[in-house]
Amino acid sequence: MKFDLSKLKKRPSHPFESIAVAVAFSPRLESVLSEAKRIKDLLGSSLLLVHIGEKTKKKESLLEKAMATVGIKESDATILWEPGSPVNTILGLCKYHIIDLLILGALEKENILKFYLGSFARTISRKAKCSVLLLTHPSIAPSKVKKIIVSGVDSPKTAHTLSTSVYLAEKLGVKDITLVNEVESDVMAMTMADSSTAPEASKMKKEMVQQEESKLQGLIKNCKSTSVNIEIKTIKGKSGYAAGKYARDRKADLLVINSPDKHMGILDRIFTHDIEYILADLPCDVLIVHSRI
Amino acid sequence: MSLKFSHNDLFTLLLAIGVMLILARLVSELGKKFKLPIVMGELIVGILLGPTILGWFCPEVFAALFPKAGPAKIALDGITSMAVIMLLFVAGMEVQLQIVLKQGKAAIYTSLTSMIIPFTLGFCTVWFVPQWFHYEEKYRFVYALFFGTAMAISAIPVIAKILMDLNIYKTKVGMTVIAAAIFDDLTGWLLFSFILSLMGKEGEITSVGYSVGMILGFGLFMLLIGRRIIDRALPWVQSKLSWPGGVLSLSLGLCFLCAAFTESIGLHAILGAFIMGIAFGDSAHLHEKAREIIHQFVTNVFAPLFFVSLGLKVNFIQNFDPWLVTIVLFLAVICKLVGASLGAYLGGMSKRNSIAVGFGLNARGAMEIILGTLALDAGLIDEKMFVALVVMALVTSLMSGPLMKRFIE
Numbered sequence: 001m002k003f004d005l006s007k008l009k010k011r012p013s014h015p016f017e018s019i020a021v022a023v024a025f026s027p028r029l030e031s032v033l034s035e036a037k038r039i040k041d042l043l044g045s046s047l048l049l050v051h052i053g054e055k056t057k058k059k060e061s062l063l064e065k066a067m068a069t070v071g072i073k074e075s076d077a078t079i080l081w082e083p084g085s086p087v088n089t090i091l092g093l094c095k096y097h098i099i100d101l102l103i104l105g106a107l108e109k110e111n112i113l114k115f116y117l118g119s120f121a122r123t124i125s126r127k128a129k130c131s132v133l134l135l136t137h138p139s140i141a142p143s144k145v146k147k148i149i150v151s152g153v154d155s156p157k158t159a160h161t162l163s164t165s166v167y168l169a170e171k172l173g174v175k176d177i178t179l180v181n182e183v184e185s186d187v188m189a190m191t192m193a194d195s196s197t198a199p200e201a202s203k204m205k206k207e208m209v210q211q212e213e214s215k216l217q218g219l220i221k222n223c224k225s226t227s228v229n230i231e232i233k234t235i236k237g238k239s240g241y242a243a244g245k246y247a248r249d250r251k252a253d254l255l256v257i258n259s260p261d262k263h264m265g266i267l268d269r270i271f272t273h274d275i276e277y278i279l280a281d282l283p284c285d286v287l288i289v290h291s292r293i
Numbered sequence: 294m295s296l297k298f299s300h301n302d303l304f305t306l307l308l309a310i311g312v313m314l315i316l317a318r319l320v321s322e323l324g325k326k327f328k329l330p331i332v333m334g335e336l337i338v339g340i341l342l343g344p345t346i347l348g349w350f351c352p353e354v355f356a357a358l359f360p361k362a363g364p365a366k367i368a369l370d371g372i373t374s375m376a377v378i379m380l381l382f383v384a385g386m387e388v389q390l391q392i393v394l395k396q397g398k399a400a401i402y403t404s405l406t407s408m409i410i411p412f413t414l415g416f417c418t419v420w421f422v423p424q425w426f427h428y429e430e431k432y433r434f435v436y437a438l439f440f441g442t443a444m445a446i447s448a449i450p451v452i453a454k455i456l457m458d459l460n461i462y463k464t465k466v467g468m469t470v471i472a473a474a475i476f477d478d479l480t481g482w483l484l485f486s487f488i489l490s491l492m493g494k495e496g497e498i499t500s501v502g503y504s505v506g507m508i509l510g511f512g513l514f515m516l517l518i519g520r521r522i523i524d525r526a527l528p529w530v531q532s533k534l535s536w537p538g539g540v541l542s543l544s545l546g547l548c549f550l551c552a553a554f555t556e557s558i559g560l561h562a563i564l565g566a567f568i569m570g571i572a573f574g575d576s577a578h579l580h581e582k583a584r585e586i587i588h589q590f591v592t593n594v595f596a597p598l599f600f601v602s603l604g605l606k607v608n609f610i611q612n613f614d615p616w617l618v619t620i621v622l623f624l625a626v627i628c629k630l631v632g633a634s635l636g637a638y639l640g641g642m643s644k645r646n647s648i649a650v651g652f653g654l655n656a657r658g659a660m661e662i663i664l665g666t667l668a669l670d671a672g673l674i675d676e677k678m679f680v681a682l683v684v685m686a687l688v689t690s691l692m693s694g695p696l697m698k699r700f701i702e
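As they're listed, the protein sequences go chains X and G.
Read in order, the letters of the first sequence correspond to residues 1 to 293 in my numbering.
Read in order, the letters of the second sequence correspond to residues 294 to 702 in my numbering.
Honestly, the hints are just simulated from the structure, not real lab data.
There's no promise every hint is true.
To be verified - Computed, partial: chain X to chain G, Cβ under 8 Å: (1) D154; (2) I232; (3) K236; (4) G237; (5) K238; (6) Y241; (7) K262; (8) I270; (9) F271; (10) H273; (11) Y277; (12) D281.
As the list claims (entries may be wrong) - Taking lysine-lysine and the PhoX-like style, the derived pairs with C-alpha atoms no more than 20 Å apart in a straight line are: (13) K215/X with K328/G; (14) K205/X with K224/X; (15) K205/X with K395/G; (16) K157/X with K395/G; (17) K203/X with K328/G; (18) K206/X with K463/G; (19) K236/X with K582/G; (20) K236/X with K463/G; (21) K203/X with K582/G; (22) K175/X with K233/X; (23) K157/X with K398/G; (24) K245/X with K582/G; (25) K262/X with K398/G; (26) K398/G with K203/X; (27) K262/X with K395/G; (28) K463/G with K215/X; (29) K157/X with K325/G; (30) K582/G with K206/X; (31) K262/X with K465/G; (32) K203/X with K326/G; (33) K262/X with K463/G; (34) K644/G with K127/X; (35) K463/G with K398/G; (36) K398/G with K236/X; (37) K582/G with K205/X; (38) K328/G with K465/G; (39) K325/G with K203/X; (40) K463/G with K157/X.
In this text, a Cβ means the ideal position worked out from N, Cα and C, and glycines have one as well.
Could you put together the complete structure from these sequences and hints?
Below you can see the structure in the form of structure tokens.
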């Protein structure tokens, strides 16, 4: 399969013009398709259904039945049956068809061995060259998204992630977004342990938080949305872990994060950081925005 | 001599501890006004109270406050040994391996070259110019290993403070320096534990294999399994046990158990404390307040006792060898500057920023002094080398910030 990577590079992170769904013949097939249809209808995107595996009569009829149940007409979607390794084939197809959003069903938590070795959905999330939506509790009658939380880590990618979140919120009719500012305090504890007075320590903490918040304020200004209100929330904790915990505690419907900055290997899972904290235990549906910069 | 801990011994011990803590705090606070590191004030108090000044001018007072033998001396030695174990536990808590993994090419190159080049240059200097150093011939290899490690080690807290003062902690240069310092500390302390475990076993080839095997086995077990168990248990500990007492006693209890274990298998106790510190400090569940309390408790109570006690052990004037101090300081600065700057440059940084990275990593701080003390206690180095290392640690810490500021773009 040959793909023209130049078409992918610098392609904006949104709108999601093309959506792909990884079809697995599991009990959650209909609910994943139903969620995909809803998103496709709201965003006006094209839909590609991909199954990696042999095309059999039985599978064909199962898929047709599921599509009919959720209301996807044959003319609404392109169906691809591809042999090969699930991860590499899906990744290749997404590049070939210039997919903007890949939708996958995912368990909240994998068993330890599977997590370290890399499960299908997690591996794709780490490697995809497009945005990935992981659905933890897909439903045939999807409920309205109300709470969107966006991780505001200090990265050039965050501007794209925030603007994609605003685009999605506008389409989904969500009024408020919480932009989470994660402050890692490990270094503060270390540097202030022996040489800072109480006012110095609190001043240092305050300045650190203010610096981060002013950066995020700059990003919010650039979003220019009139219908979506963005609020900054500062929380303490390790990057990734704190955002995931906050999303769980607040019972968020969607957590939006950046795609990884580098190839994530087994060492990144052993010494967990950033996205790996979230992939280890998905707090809710997670959208990983690939900004293609 | 009776080893019973008498009323008099208790009085002497309490008096000594009280004087050490209060004077250390006063002098350190005074030093802070002149932007001097806290550890410098603590060392000065040690020098004032020790054989260098008090022992010279008022030997009776010195002997009464810090007896050379007896139960009070044993108790004070026990407390300072505990202090060094706790300091290494806190040093381990500062090792955030994720920071190294998160950074890109520049951090990986800098981490490797800032460790390998100073270590190799330090090792080769001892090996090829032995006349500059004083050691027993049978310890030549171990001494060379030690000197290489002493050249390679960094001090994360000093470096982090400098980066924060310059407001560049979160920049690429800042994160590269921190990532490399973490890597240097981790490999440096593992290497030093190996060196200590070799002491007294010179010539026994099996002991080298045993030491390496035990260090790797213990390290891997703690970092892969122990760390996970602690991470799982922490939320329960922090929510079900008294706060912050529960997490404080558990953390230090585990630190001492781990230190006891490594000591019992022939490795030094510091290794157990250091690895436990990494396992404990790595947990995302550890509350910020708990981290702060552990740091405050160790750095403000036990660290002063330890650093003041160094001045009690050694006469800094008698053992000040200008030639040795010059060699050690020159080598330390050149080795680290060349090693770290080269890595940063190869990793894609500009010349000026690469040099700034080199000067940032040059700060040795308290870690070098701890390393020197342990080597002195183990009989690997003499007092002159110890004094040279202390001077080098202080000078490199003082020069790091201004020189970084001068070069950073």
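Verification of the supplied hints:
The interface hint given for D154/X holds, since its Cβ lies 6 Å from the closest Cβ of chain G, which is under the 8 Å cut-off. Given the 8 Å rule on beta carbons, the hint for I232/X is violated: about 17 Å separates it from the nearest Cβ of chain G. For K236/X, the interface hint holds, since its Cβ comes within 8 Å of a Cβ in chain G; the closest pair sits about 5 Å apart. Below 8 Å, beta-carbon pairs count as interface contacts, and G237/X has one with chain G at about 7 Å; its hint therefore holds.
Below 8 Å, beta-carbon pairs count as interface contacts, and K238/X has one with chain G at about 4 Å; its hint therefore holds. Hint status for Y241/X relative to chain G: holds, with the closest Cβ pair at about 4 Å, below 8 Å. Hint on K262/X holds. Least Cβ distance to chain G is approximately 7 Å, under the 8 Å limit. For I270/X, the suggested interface contact is upheld, since its CB lies about 7 Å from the closest CB of chain G, less than 8 Å.
The closest approach between the C-beta of F271/X and any C-beta of chain G is roughly 4 Å, which is under the 8 Å cut-off, so the hint is satisfied. Because the smallest distance between the Cβ of H273/X and any Cβ of chain G comes to about 4 Å, under 8 Å, the interface hint for this residue holds. Nearest Cβ of chain G to the Cβ of Y277/X: about 6 Å, under the 8 Å cut. The hint holds. Look at D281/X: its Cβ only gets to about 11 Å from chain G, farther than 8 Å, so that hint breaks.
The hinted pair formed by K215/X and K328/G fails the criterion: a straight-line CA distance of about 31 Å is larger than 20 Å. At most 20 Å may separate the alpha-carbon atoms for a hinted pair to count; K205/X and K224/X exceed this at roughly 30 Å. A distance of roughly 23 Å separates the Cα atoms of K205/X and K395/G; the hinted pair therefore is violated under the 20 Å criterion. Between K157/X and K395/G the CA atoms are separated by roughly 15 Å; this keeps the pair inside 20 Å, and the hint holds.
Distance hint between K203/X and K328/G is fulfilled; the C-alpha atoms sit about 18 Å from each other, no more than 20 Å. At most 20 Å may separate the alpha-carbon atoms for a hinted pair to count; K206/X and K463/G meet this at roughly 16 Å. The straight-line distance between the Cα atoms of K236/X and K582/G is roughly 11 Å, inside the 20 Å bound, and the hint therefore holds. Between K236/X and K463/G the alpha-carbon distance is near 16 Å, which keeps this suggested pair within the 20 Å criterion.
For the suggested pair K203/X and K582/G, the alpha carbons sit about 17 Å apart, so the restraint of at most 20 Å is met. Among the hinted pairs, K175/X with K233/X is consistent with the structure: their alpha-carbon atoms are about 16 Å apart, no more than 20 Å. Of the pairs offered as hints, the one joining K157/X and K398/G holds, with about 19 Å between alpha carbons and a cut-off of 20 Å not exceeded. A distance of roughly 18 Å separates the Cα atoms of K245/X and K582/G; the hinted pair therefore holds under the 20 Å criterion.
Only pairs whose Cα atoms come within 20 Å are accepted, and K262/X paired with K398/G is accepted, the gap being roughly 10 Å. A hinted pair counts as satisfied when its Cα atoms are at most 20 Å apart, and K398/G with K203/X does not qualify at roughly 34 Å. Pair hint K262/X plus K395/G holds up; C-alpha atoms about 8 Å apart against a cutoff of 20 Å. Distance check on the hinted pair: K463/G and K215/X sit about 13 Å apart at the alpha-carbon level, within 20 Å; holds.
With a C-alpha separation of about 40 Å, the suggested pair K157/X and K325/G falls outside the 20 Å cut-off, and the hint is violated. As the CA atoms of K582/G and K206/X are separated by approximately 16 Å, the hinted pair is consistent with the 20 Å bound. With a C-alpha separation of about 15 Å, the suggested pairing of K262/X with K465/G holds against the 20 Å cut-off. At roughly 18 Å between alpha-carbon atoms, K203/X and K326/G fall within 20 Å of each other, so this suggested pair holds.
Note on K262/X and K463/G: the hinted pairing holds, with a Cα-Cα distance of about 18 Å set against a maximum of 20 Å. Distance hint between K644/G and K127/X is unfulfilled; the C-alpha atoms sit about 34 Å from each other, more than 20 Å. Pair hint K463/G plus K398/G holds up; C-alpha atoms about 17 Å apart against a cutoff of 20 Å. With a C-alpha separation of about 28 Å, the suggested pair K398/G and K236/X falls outside the 20 Å cut-off, and the hint is violated.
In summary, the hint linking K582/G to K205/X is supported, as the alpha carbons are separated by about 13 Å, within the 20 Å threshold. For the hint pairing K328/G with K465/G, the CA-to-CA distance comes to about 26 Å; that exceeds 20 Å, so the pair is violated. For the hint pairing K325/G with K203/X, the CA-to-CA distance comes to about 17 Å; that is within 20 Å, so the pair holds. Distance restraint check for K463/G and K157/X: the Cα-Cα separation of roughly 16 Å lies within the 20 Å cut-off, and the hinted pair is therefore satisfied.
When the structure is compared with the earlier hints, violations turn up for hints 2, 12, 13, 14, 15, 26, 29, 34, 36 and 38 and for no others.
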